[in-house]
Amino acid sequence: MKVKKNRVHSPWGGFFFVLPSIIAMAVFVYGMIGFTLRESLQNRTNSYTEDVKYVGFINYVELWQDPEFTHALSNLLKFTAVFMIGCLLSGLIMSLLLEKGIKGEGFFRSTYLYPMAISFIAMGTSWRWLMDSARDADATGLNYLLQKVGLGALQSDWYTSEAGSMFAMSLPAIWQMSGYVMALFLAGFRGIPDDLREAARVDGASEFKISRHILFPQLSPTFLTVLIILGHISMKVFDLIFGIATKSYVTKVLAIYMWQVIFDFQNYAKGAAIAIVILLMIAVAVIPYLIYVNKTEEANK
Amino acid sequence: MLKKSKVAAVFAALALVVTTAPASSAATDKQLEIFTWWASGGEAAGLEGMTTEFNRLNPKTPFINATVAGAAGVNAKGVLVSRMQAGNPPDTFQAHAGEELSSYVKAGQVEDLSFLYKSEGWDKIFPKDLVKTLTTNGKIYSVPVNIHRSNVLWWNPAAAKKAGITKAPASLDAMLVDMAKFKKVGIDGIALAGNGDWAIAHLFDYVLLASMGPDKFNGLWTGKTKWSGPEVAKAIDYLAKILAFGNSSKSLDWPDAGKLVTTGKAGFFIMGDWASSQWQSEGLKLGTDYTWAPGPGTNGIYQWLSDSFTLPKGAVNRDAGIAWLKVCGSLAGQDAFNPKKGSIAVRTDSKPALYDSYLQAAMKSWKKDRLVGSTVHGVNWGNAGMAAYNSAVGRFYSGGAKDKKGFAKALDAALKAHQNS
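Respectively, the protein sequence lines represent chains A and B.
If you count the first sequence from 1, you need to add 1 to reach our numbering.
If you count the second sequence from 1, you need to add 955 to reach our numbering.
These are computed hints drawn from the structure, not numbers from a lab.
Any given hint might turn out to be false.
When the alpha-carbon atoms are kept at most 30 Å apart in a straight line, the in silico DSBU-like pairs for lysine-lysine are as follows [stated by the list, open to error]:
hint	chain 1	residue 1	chain 2	residue 2
1	A	54	B	1371
2	B	1220	A	149
3	B	1214	A	149
4	B	1189	B	1220
5	A	79	B	1359
6	B	1359	B	1179
7	A	237	B	1073
8	B	1032	B	1122
9	A	54	B	1268
10	B	1323	B	1306
11	B	1306	A	54
12	B	1364	A	79
13	B	1359	B	1371
14	B	1061	B	1073
15	B	1094	A	149
16	B	1122	B	1214
17	B	1196	B	1220
18	A	79	B	1220
19	A	79	B	1357
20	B	1139	A	149
21	B	1371	A	237
22	B	1136	B	1117
23	B	1196	B	1061
24	B	1359	B	1139
25	B	1268	B	1087
26	B	1306	B	1094
27	A	54	B	1032
The structure displayed is predicted, hence computed values, not measured ones.
With the rest of the complex left out, here is chain A (with noise of 0.2 Å):
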């Protein structure tokens, strides 16, 4: 009995327990990875490449010479960097106004959570009717909705104008997430023990002091995971942007861009090449924030 009991406890039963999803990770996660790579850094440029080798960075370094990759990326960081504000800002608001505990606040934050319900495509359809760039006696949606109270002037073109495209984009986007970030950071508010504030009272404090000085230094963690959720969702963005407007030249971020090359073009190498960029650039975010997490964890041991 005793030697039974002992082998369970070994190091090795937790190891076979965990082997499975190892194995998967290793197949499924970081081997498509190596593998990705690899297409990257060969020839297959197109369906009937029989001469497969390796040929360096070629695919990378045109793809900088491709207008088409480079307004695809401008297009992303654009649609990235209003995001996250925009998200950053609408959550941060909505989580203040809740955090002071106010009647019905269990309504108000799941009203504000149900956009994270809807699909993308199905969000995108609705949204795509919502921003129709008719204006005047043809306007529909925001257009007919500004017209109607009065601001008839501020009508748009929306997602359909070559400058203004990815942030009429983001709304959307905006729109479905920031509820979410509410939910992050009202999370954050509550992890905050009450004697701190009350200490900042008793010591004559205002409130906006109060958020200044004792909140918002002890959120920069949350504030930290947003961005990097934020971050990761909006870098590989595509059923948004493709339920709005499909393949349209004047919405397209890298995501998009990399299903044509793949699927249209059958350029394979070139694909995968987006791919890897796609990659780095979450990477680029994210692993300084594993190397945070891990900082922190090894000091608080």
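We have chain A already, so just place chain B on it with the hints.
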């Protein structure tokens, strides 16, 4: 039990007697797996007509339709490319006839079908120009089932009357004059479907053809006519002028843009003749609710596109695939499919009585007009060139049609994308 099998045997025997094809060749195959994106409306109805014909000829071969619905084949093409690359092809798949097939051809993924063209007599019964376009290095890789015309001008007679337009314009310049007349009475000169760029590219394809004529137009796709030359610059000028008359909503799909015409909110519409079958399915009448003419400046030219079927190499049920292709090219198959799909038969011996008045006129033109391929629908360029072409047009359209030089440059890059793919 005995009775049942007897009945089945009698039916099987009957079917054999009825069958006109040489001893049903698919009999040995367990099934036929066909891959299409025809899943609804007239397309699905037309496909069912052909399926019935296939089942009549091959009663023992169950028909499996691996449809991937949605987005005009965009989703389906993705699935198909993966299956072909994985060496797991369907027995036959749908693709536009022409250069769109080139990537499969170069990869050696589809079989040469010229033996069928000879044995079935298609090389004589299909128009010569078409067979020539389909042939690469003496080989033909697909069987076209239908022909659509892309250079068609549609308009609403009531709206035209309101604007004082009595007959269809005969040239691009006359069309611009008429669009100004529409504008005067508060109607947008032309309906534009901006979503996904392709319908604007479709319009530009027509403008190129109308402004430079078929010979120079054909030269564009091989590089003989320069994209940086004066002919293209002229076409771009025309496109910019036409776009300025468009509707303010820039994100419509083509059925919604078409609705602007049939409801009298927009004047002209350059769209393929599938618009006609769409409107008829909405209960509109040809001649009273909407009417048509060849695209101004392209009278006597038939800009065509065609859906076709192929025989992938390594298909599990090759004989069944061939039996299906025979149905696709046969008179019975084409006349079962096309009246419902709203297209005409490829064969020149198809029966006009089965078709409506627009399609009858199209059949006449098909036999005598100069045939020119459509770019946006896969005849002139492969997928890479097409996608680059659509993007170039999309950029020009969303940028307010200002950067004409950049547009010409992007089009030249599209030619290179085509040549490198």
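Hey, residue 1139 of chain B versus residue 149 of chain A, does the alpha-carbon distance stay inside 30 Å?
holds, 27 Å
Hey, residue 79 of chain A versus residue 1359 of chain B, does the alpha-carbon distance stay inside 30 Å?
holds, 25 Å
Restraint check for residue 54 of chain A with residue 1268 of chain B, where alpha carbons must lie at most 30 Å apart:
holds, 25 Å
Taking 30 Å as the top limit, are the C-alpha atoms of residue 1196 of chain B and residue 1220 of chain B close enough?
The given pair, whose Cα atoms are some 19 Å apart, holds under the 30 Å limit.
So if I understand the rule, the pair passes when the alpha-carbon distance is 30 Å or less; does residue 1189 of chain B with residue 1220 of chain B pass?
Distance ~29 Å between residue 1189 of chain B and residue 1220 of chain B Cα, so the pair holds.
Given hint residue 1139 of chain B paired with residue 1359 of chain B - CA-CA distance at most 30 Å:
Holds - the C-alpha atoms of residue 1139 of chain B and residue 1359 of chain B are around 27 Å apart, at most 30 Å.
Would you mind confirming whether the straight-line C-alpha gap from residue 1061 of chain B to residue 1073 of chain B stays at or under 30 Å?
holds, 23 Å
Quick one, are residue 1196 of chain B and residue 1061 of chain B close enough, alpha carbons at most 30 Å?
violated, 40 Å
Mind checking the alpha carbons of residue 1323 of chain B and residue 1306 of chain B for me, to see if they're no more than 30 Å apart?
holds, 17 Å
Are the Cα positions of residue 237 of chain A and residue 1073 of chain B separated by 30 Å at most?
violated, 51 Å
Take the C-alpha atoms of residue 1371 of chain B and residue 237 of chain A, compute the straight-line distance between them, and say whether it is at most 30 Å.
holds, 29 Å
Restraint status (C-alpha distance of residue 1032 of chain B to residue 1122 of chain B at most 30 Å):
At roughly 41 Å apart (the allowed maximum being 30 Å), residue 1122 of chain B and residue 1032 of chain B break the hint.
The structure is inconsistent with the numbered hints 7, 8, 11, 15, 18, 23, although it conforms to all the rest.
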